[in-house]
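*Asks:* Each chain is listed here by its residues.
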Amino acid sequence: MSSTTTSTISRTMKSSLRAVLAAAGLIAILSLTGGPARAQSTPSEVIETVSSQVLAVLRERSVESSIRRTKVEEIIYRYVDFETLSRLVMARNWRKLSDAEKSEFMREFKKHLSNTYGDNIDNYRNEKVAILSEREEKRGDVTVKSTIVRGGGGDDVMVDYRLRKRDDNWRIIDVVIEGVSLVANFRSQFQEIISSKGIDELLRLLREKNLDPPDS
Amino acid sequence: MIGYSSKMRLIQLAIALLLLSGTAAPALANDANDPLEGLNRKTYALNEWLDRNILGPVARGWKFITPGIVRSSIQNFDDNLRSPVIVGNDILQWKWRAAGEQVARFSINTTIGILGFRDVAVGWGLEKQFEDTGQTFGVWGIPPGPYIVLPVFGPSNPRDIVGIAGDSILSIYWIFAPWYASFSYRTVDVINDRAVFDEQIESTRAAALDHYVFIRSAYRQRRDALIRDMSAEESEDDLYELDDDLYDFEDDEE
Numbered sequence: 000m001s002s003t004t005t006s007t008i009s010r011t012m013k014s015s016l017r018a019v020l021a022a023a024g025l026i027a028i029l030s031l032t033g034g035p036a037r038a039q040s041t042p043s044e045v046i047e048t049v050s051s052q053v054l055a056v057l058r059e060r061s062v063e064s065s066i067r068r069t070k071v072e073e074i075i076y077r078y079v080d081f082e083t084l085s086r087l088v089m090a091r092n093w094r095k096l097s098d099a100e101k102s103e104f105m106r107e108f109k110k111h112l113s114n115t116y117g118d119n120i121d122n123y124r125n126e127k128v129a130i131l132s133e134r135e136e137k138r139g140d141v142t143v144k145s146t147i148v149r150g151g152g153g154d155d156v157m158v159d160y161r162l163r164k165r166d167d168n169w170r171i172i173d174v175v176i177e178g179v180s181l182v183a184n185f186r187s188q189f190q191e192i193i194s195s196k197g198i199d200e201l202l203r204l205l206r207e208k209n210l211d212p213p214d215s
Numbered sequence: 000m001i002g003y004s005s006k007m008r009l010i011q012l013a014i015a016l017l018l019l020s021g022t023a024a025p026a027l028a029n030d031a032n033d034p035l036e037g038l039n040r041k042t043y044a045l046n047e048w049l050d051r052n053i054l055g056p057v058a059r060g061w062k063f064i065t066p067g068i069v070r071s072s073i074q075n076f077d078d079n080l081r082s083p084v085i086v087g088n089d090i091l092q093w094k095w096r097a098a099g100e101q102v103a104r105f106s107i108n109t110t111i112g113i114l115g116f117r118d119v120a121v122g123w124g125l126e127k128q129f130e131d132t133g134q135t136f137g138v139w140g141i142p143p144g145p146y147i148v149l150p151v152f153g154p155s156n157p158r159d160i161v162g163i164a165g166d167s168i169l170s171i172y173w174i175f176a177p178w179y180a181s182f183s184y185r186t187v188d189v190i191n192d193r194a195v196f197d198e199q200i201e202s203t204r205a206a207a208l209d210h211y212v213f214i215r216s217a218y219r220q221r222r223d224a225l226i227r228d229m230s231a232e233e234s235e236d237d238l239y240e241l242d243d244d245l246y247d248f249e250d251d252e253e
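Top line first, the protein sequences correspond to chains A and B. Sequential numbering from 0 applies to the first sequence in numbering that gives the first Met the number 0. Sequential numbering from 0 applies to the second sequence in numbering that gives the first Met the number 0.
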């Protein structure tokens, strides 16, 4: 046993932990998205509005968490394009779904995302959001780059929002935390469940998770 | 824990896998590349058990008895000690400016930041860097190879396992300290990190429908992003294409 071994062991663990942190951000960060999409707002303005509205709710510590949770959900529902998000996550499997299955999937997936970020609402510790830049992407999409500035010596978290224009409004279709995309992550999970156990099993798993939301 | 000879064997195995993976067709960025999934899932289950029953509880005890400032100071101290590895890899990636900045970070944080316990440099515009030898291999164009879950240490791949050897060489502390000194310090470091990320780890467990795939996807994406230094790059796969557009040109699939 050498000291280099122990140091590299902890290196490997740290890099795994960072990957986990990045993944976890996917959920936490959903709580920083949402707000009424005014026409003519630029993508950066949308993210700015969403962030400030959500942060305002999170700061009201005297308000009961269930009420704050509902408020945050309302903001997010206005600014996230859940239909596009669902279709991107399902990718090629989307077409295999019946219309009933499609709407069930959208409903349950939205609920699942709400539950998981909702549990993080009380973890808010005076983080601030800084919008850094905007970048044009393929398909007319725009990525807005931002950082979440954490107080108390914590590292900043890089968050990219991808927006797509629909009905004249920019809405969020993906959130990328420290390089980890929500769409890509859920796509791999759902792809694996569908290819090994089928679509019915995926829908059953989602329903089961939603009936028994984890307590924070 | 892993001894020296078994570590060498691990590295040999990794090199072999790396060479094999080089001959395979280039995988889509979204492709799982997980031929050892059966074994990996078993190792993952072991790691989860260890985390739930040993590391997690110990870390929560640590979190209970330490103030947040102590935990972040330990993180800063550890990041500062990594400076030689970061500078070495900056140079291997021909990023001389970043190498210079890291030297400046080390100098500032070791002195004004009191032995590295405080990250003063970041307030002066010298950003924290995340570099390791596995990333350097990625910058050189070496593919990661198949996903591998290591017992105790978690997600990895042949490229990153070989990278561990590089990190060992670039880390110079073994000259100064006996292994047991390093070992006790590293133990604190691992527990401290686990405590810092406790909430996030718990919420990934709640959020995932297949937590194994969640971690695998996050690990691959995070490593790719680090290799690009988080810079903008349009993904080459079909991540943001809607199904309708996909089928326009691959209707005959299946």
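No lab work stands behind these hints, which were simulated from the structure alone. Careful: at least some of the hints might be erroneous.
[What the hints assert, rightly or not] No farther apart than 20 Å at their CA atoms in a straight line, the calculated lysine-lysine pairs in the PhoX-like style are these:
no., chain 1, residue 1, chain 2, residue 2
1, A, Lys-95, A, Lys-196
2, A, Lys-196, B, Lys-127
3, A, Lys-127, B, Lys-127
4, A, Lys-70, A, Lys-196
5, A, Lys-70, A, Lys-110
6, A, Lys-109, A, Lys-70
7, A, Lys-196, A, Lys-208
8, A, Lys-144, A, Lys-127
9, A, Lys-144, B, Lys-127
[As the list claims (entries may be wrong)] Some but not every residue of chain A turned toward chain B, in silico, with C-beta under 8 Å:
no., residue
10, Glu-82
11, Arg-86
12, Val-141
13, Glu-177
14, Val-182
15, Ser-187
16, Ile-193
17, Gly-197
18, Asp-199
19, Leu-202
Heads up, the beta-carbon is just placed ideally off N, CA and C, and yes, glycines get one too.
*Asks:* Compare the structure with each hint and give your call.
*Replies:* Now the hints, each set against the structure:
Between the alpha carbons of Lys-95(A) and Lys-196(A) the distance comes to roughly 14 Å, so the proposed pair stays at or under 20 Å and holds. For the proposed pair Lys-196(A) and Lys-127(B), the alpha carbon gap of about 43 Å is over 20 Å, so the pair is violated. Using a Cα cut-off of 20 Å, the hinted pair Lys-127(A) and Lys-127(B) holds, with the two alpha carbons roughly 19 Å apart. Proposed proximity of Lys-70(A) and Lys-196(A) is contradicted: the alpha carbons are some 36 Å apart, above 20 Å.
For the given pair, Lys-70(A) sits about 15 Å from Lys-110(A) by alpha-carbon distance, which is consistent with the 20 Å threshold. Using a Cα cut-off of 20 Å, the hinted pair Lys-109(A) and Lys-70(A) holds, with the two alpha carbons roughly 15 Å apart. Of the pairs offered as hints, the one joining Lys-196(A) and Lys-208(A) holds, with about 17 Å between alpha carbons and a cut-off of 20 Å not exceeded. This hinted pair checks out: Lys-144(A) and Lys-127(A) have alpha carbons roughly 14 Å apart, not beyond 20 Å.
Proximity of Lys-144(A) to Lys-127(B) is assessed by CA-CA distance (about 18 Å); at most 20 Å being required, the pair is judged to hold. Among the interface hints, the one on Glu-82(A) is violated; its C-beta lies about 10 Å from the nearest C-beta in chain B, farther than the 8 Å criterion. Given the 8 Å rule on beta carbons, the hint for Arg-86(A) holds: about 5 Å separates it from the nearest Cβ of chain B. Of the supplied interface hints, the one on Val-141(A) is violated, with its beta-carbon coming no nearer than about 12 Å to a beta-carbon of chain B, more than 8 Å.
Because the smallest distance between the Cβ of Glu-177(A) and any Cβ of chain B comes to about 6 Å, under 8 Å, the interface hint for this residue holds. A least Cβ separation of about 6 Å between Val-182(A) and chain B falls short of the 8 Å threshold, and the interface hint therefore holds. Taking 8 Å as the C-beta contact cut-off toward chain B, the hint placing Ser-187(A) at the interface holds, the least distance being around 4 Å. A hinted interface residue such as Ile-193(A) counts as satisfied when its beta carbon comes closer than 8 Å to some beta carbon of chain B; here the least separation is about 11 Å, so the hint is violated.
The beta carbon of Gly-197(A) comes no nearer than 14 Å to any beta carbon in chain B, farther than 8 Å, and the hint placing it at the interface is violated. Restraint check, Asp-199(A) versus chain B: the minimum CB separation of about 14 Å is more than 8 Å; hint violated. A cut of 8 Å between beta carbons decides the hint on Leu-202(A): the least distance to chain B is about 11 Å, and the hint is violated.
When held up to the earlier numbered hints, the structure conflicts with 2, 4, 10, 12, 16, 17, 18, 19 and fits the remainder.
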